[in-house]
Amino acid sequence: MNIERETLEMDVLLVGAGPANLSCALHLTNLVAQHNEKAKADGGRQLHELNIAVIEKAAEIGAHQLSGAVLDPISLRELLPDFEKDAPFEAPVGDEKVYFLTASGKIPAPILPPPLRNHGNYVISLNKFVRWLGDKCEAAGVNIFPEFPGWEMLYDNNAVIGVRTGDKGIDKNGKPKAVFEPGVDIVAKVTVLGEGVRGSLTKQLLKQLKLDAGKDPQVYSVGVKELWEMPDDRFPAGSIIHTMGWPLDSHTFGGSWVYGMKDRIINIGLAVGLDYRDPKIDPHHEFQKFKTHPLFAELLQGGKMIRYGAKAMPVGGWYTMPKPTHDGVMIIGDSAATLNGERLKGIHTAIKAGMLAAETILEALLADDYSDKILSRYETRLKESYVGKELYQTRNFHQAFDKGRNMGLMIAGISTLTGGRLPTRLPIKAGHEHMQHQQANGADRYADLKYDDKLTFAKLTDVYYSSTAHDEDQPCHLHVLDTNICIDRCTKEFGNPCQHFCPASVYEMVEDKESRKLHINFSNCVHCKTCDIMDPYQIINWVPPEGGGGPNYRNM
Amino acid sequence: MNIVVCLKQVPKKDSILRIAADQKWIDDRDISYEMSEADAYALEEALRQREKHGSGEVIVLALGPERVRQSIKEALAKGADRAIHLHDDIFNSATDAAGVARALAAALKDEKFDLVFTGLQSDDYGFAQVGLILAETLGLSSATIVMEVQPEGDSVRVKRELESGWFQWVKIPMPALLTIQSGINQLRYATLKGIMAAKKKELKEVKAADLGLTAQALQPAQVIEKAYLPIKSKQTEIIAGKPAEAAAKLVEKLKFDARVL
Chain A
4 MNIERETLEM DVLLVGAGPA NLSCALHLTN LVAQHNEKAK ADGGRQLHEL
54 NIAVIEKAAE IGAHQLSGAV LDPISLRELL PDFEKDAPFE APVGDEKVYF
104 LTASGKIPAP ILPPPLRNHG NYVISLNKFV RWLGDKCEAA GVNIFPEFPG
154 WEMLYDNNAV IGVRTGDKGI DKNGKPKAVF EPGVDIVAKV TVLGEGVRGS
204 LTKQLLKQLK LDAGKDPQVY SVGVKELWEM PDDRFPAGSI IHTMGWPLDS
254 HTFGGSWVYG MKDRIINIGL AVGLDYRDPK IDPHHEFQKF KTHPLFAELL
304 QGGKMIRYGA KAMPVGGWYT MPKPTHDGVM IIGDSAATLN GERLKGIHTA
354 IKAGMLAAET ILEALLADDY SDKILSRYET RLKESYVGKE LYQTRNFHQA
404 FDKGRNMGLM IAGISTLTGG RLPTRLPIKA GHEHMQHQQA NGADRYADLK
454 YDDKLTFAKL TDVYYSSTAH DEDQPCHLHV LDTNICIDRC TKEFGNPCQH
504 FCPASVYEMV EDKESRKLHI NFSNCVHCKT CDIMDPYQII NWVPPEGGGG
554 PNYRNM
Chain B
2 MNIVVCLKQV PKKDSILRIA ADQKWIDDRD ISYEMSEADA YALEEALRQR
52 EKHGSGEVIV LALGPERVRQ SIKEALAKGA DRAIHLHDDI FNSATDAAGV
102 ARALAAALKD EKFDLVFTGL QSDDYGFAQV GLILAETLGL SSATIVMEVQ
152 PEGDSVRVKR ELESGWFQWV KIPMPALLTI QSGINQLRYA TLKGIMAAKK
202 KELKEVKAAD LGLTAQALQP AQVIEKAYLP IKSKQTEIIA GKPAEAAAKL
252 VEKLKFDARV L
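These protein sequence lines are chains A and B, in that order. Heads up: the first sequence is residues 4 to 559, going by my numbering. Heads up: the second sequence is residues 2 to 262, going by my numbering.
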């Protein structure tokens, strides 16, 4: 198909409207304004008004943003010093509890572990927060384009010159429809990838330029959560509970959160490490089981589940961070693993990363040099900042859990006391490599799990509450590179774990008399990226569907 | 050819709806909104007519709170030339079709147009009345459930959808108001350049006072008493006794209680 494409020229192009990129765009407009004011006074060189574009695959800003979340305001205070005036926060963190759960009991932590102390932080809805940041960006003149996913990187030799956006109006057989609208080549002096976890362009870029050479493989967790509307104020806004332990087995990393939000909403979720051993593990089912613990069954009694969502997060930290810059391009936020896996916080680090990227871009604009010579200053800035400091201190945290929870807790404890120092650098392998072959007659992990539609919900019911929608007449956006593996090797070795790890019932093995094959219900996809991460053969490639498709995480 | 398109913003189709505490309507706190589907087709038809005609403008008219700007901007990005947004707390009094139509009519008093398009009906209330009342108020000829539009000189031929796969062609004089059926055309996508260009287009905000309207003038003639989810009324009764007696009782119940025999 020979397609004529339009080209759009920008100064700076940011892919993904999340906290990292929106902070970068907003900070850059502020820095340029400050620079020009100063230049005007000193008679120096002023920069022309910048054309900044942010493209986003979701139908509206924030629709694909999912996090706990508790925000450490350290970086936001730098970006917007008077944020408390109008930030749409739920509440300052109030009562905090940490428990180690057993099947029917709870053991309170003797002291609040330092990484989980949240005094001075805020319970927020990431969706509301990002919509608010998006409004600030638009008011500052930033162009935000929802419904435009980045499809592929554009290079000139090995220098990045921009991004091609996804085509629109292609039918399920790959043929253009009457309203076909080809993707546009957006060329920019600097392209910033802040796509979030396991970004599809970041994946292309790392491979093309080998920016992750010599780094530890990234490791991930997937968070599954629900919002509940309660009839009373039993769990006030700002209250938080964190737990470890049950129902996760000792080879599965993870833990839960319960946060009180405004208007009697409880936000409850479970993060499950995507480096578990048993191929039958199902993060959605673990979460449902978790809610049946007496502590939570009682807490949620009489409430009504109103929303569901799931999203992966990169927890590998310091040693897994790729080289974040190259000629014409920078990678920031979760895409570049700036999340602190020990504190399970990535929003404040993403904001700071965005701001430091903006400072570097300003230098590049002033020097009119967009090569790695200038852009690489970002990495130095990041590592020397408080973000670098906290990531360095927790550099061995997830690695400690590579051998299971008990060993992990011990090593992580030592590491906290020594500021991250351990006698030796811990080895780590990619999460999917931990998955073990299925037991011939292994017990059903979830035999006891019943869905009563009050406390516990079947996966498809939950998916309905994610408000996910895709145009059905488009090619499947989950590329399985070799489906023969699914029906043969994977069935024998792992029992098709895609059916279990996907929290949205996208993957289904369908059997009839003659054959058994993989059926992909792509329109259920909540864009969490778990399949791309956890598939044991690494043959699933997640690419963005037509712009606008996906979940709608309003107020999540 | 100047065409006015009336746009309404409604809750997104995949929204999870909850009844508001006052039981008058839905709880709108965590709802996303979009252009009502039939209105999106009306806009598309207007853009296609203008393109076919080669001149004139497409004017978007919408009533509602701040959030409605998002749908207006989308219409401008797709190619509408300018927009009028009736945005004022006083317009909140217009809660029924007649009130909305009165406000829209007032806004169109000084506009020059050949056609006015509305969607056949909105995806939320589904009254299908605003268009017709607007036509009557402005003294325009009108046609409903329109599937094809062919302007011919001073009049317009339209294909209307009837029941059971029947269609009807009618010819009415312009200016005219047409209520457009979903599926009349295929919706285009907004392009990046369209979105950029939309920023420079005129988006006029109009207050009720600018139109000489008061809350009193927009008072609804019809109000929603109560919004509720359908009540499930399944009932199971076990008839005891010997089979023959139970069967006789069952027949009696089917005859006189359920009245299905």
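Take these hints with a grain of salt, some might be off.
[Unchecked claim] The list that follows gives simulated cross-link-like pairs (lysine to aspartate or glutamate, DMTMM-like), each with its CA atoms no further than 25 Å apart:
#1 K194(B) x E81(A)
#2 K265(A) x E38(B)
#3 K326(A) x E366(A)
#4 K139(A) x E203(B)
#5 K14(B) x D476(A)
#6 K205(B) x D138(A)
#7 K175(A) x D28(B)
#8 K307(A) x D15(B)
[What the hints assert, rightly or not] Label-pair distances were calculated between CB atoms; the ranges are:
#9 E52(A) x I173(B): 47 to 53 Å
#10 D85(A) x K200(B): 25 to 31 Å
#11 F183(A) x T237(B): 52 to 58 Å
#12 P95(A) x G127(B): 39 to 45 Å
#13 D85(A) x T138(B): 46 to 52 Å
#14 N176(A) x H54(B): 31 to 37 Å
#15 M197(B) x D371(A): 21 to 27 Å
#16 D85(A) x Y229(B): 53 to 59 Å
#17 A461(A) x L18(B): 19 to 25 Å
[As the list claims (entries may be wrong)] Calculated from the model, a selection of chain A residues having no Cβ within reach of chain B, i.e. all distances over 12 Å:
#18 G144
#19 K180
#20 V182
The set of hints was computed from the structure by calculation and includes no laboratory data. Where a beta carbon is used, it is the ideal one built from N, C-alpha and C, also for glycine.
Check the hint pairing K139(A) with E203(B) against an upper bound of 25 Å on the C-alpha distance.
Holds, because 22 Å separates the two Cα atoms, which is no more than 25 Å.
When you take the CB atoms of P95(A) and G127(B), is the distance between them in 39 to 45 Å?
holds, 44 Å
CB of A461(A) to CB of L18(B), is that within 19 to 25 Å?
holds, 21 Å
Look at the Cβ atoms of F183(A) and T237(B) and judge whether their distance stays inside 52 to 58 Å.
Holds, at about 54 Å.
Take a quick look at whether K14(B) and D476(A) sit within 25 Å of each other, Cα to Cα.
Given that 25 Å is the threshold and the Cα spacing comes to 17 Å, the pair holds.
K180(A) clear of chain B by more than 12 Å, beta carbon to beta carbon?
violated, 7 Å
Decide if the proposed pair is consistent with the structure: K326(A) and E366(A), CA atoms, cutoff 25 Å inclusive.
Holds. K326(A) to E366(A) sits at ~19 Å (cutoff 25 Å).
That 25 to 31 Å hint for D85(A) and K200(B) (C-beta), does it hold up?
Given a distance of about 28 Å, which is inside 25 to 31 Å, the answer is holds.
Beyond 12 Å from every chain B Cβ - status for G144(A)
Label violated. Min Cβ-Cβ 10 Å, cutoff 12 Å.
Taking the Cβ atom of D85(A) and the Cβ atom of Y229(B), is their distance within the range 53 to 59 Å?
violated, 44 Å
When you check the alpha-carbon spacing of K307(A) and D15(B), does it fall within 25 Å?
holds, 19 Å
Given the hinted pair K175(A) and D28(B), is their Cα-Cα distance within 25 Å?
Cα-Cα ~36 Å, so violated.
The structure fails hints 1, 2, 7, 16, 18, 19 and 20 (numbered hints given earlier, in ascending order).
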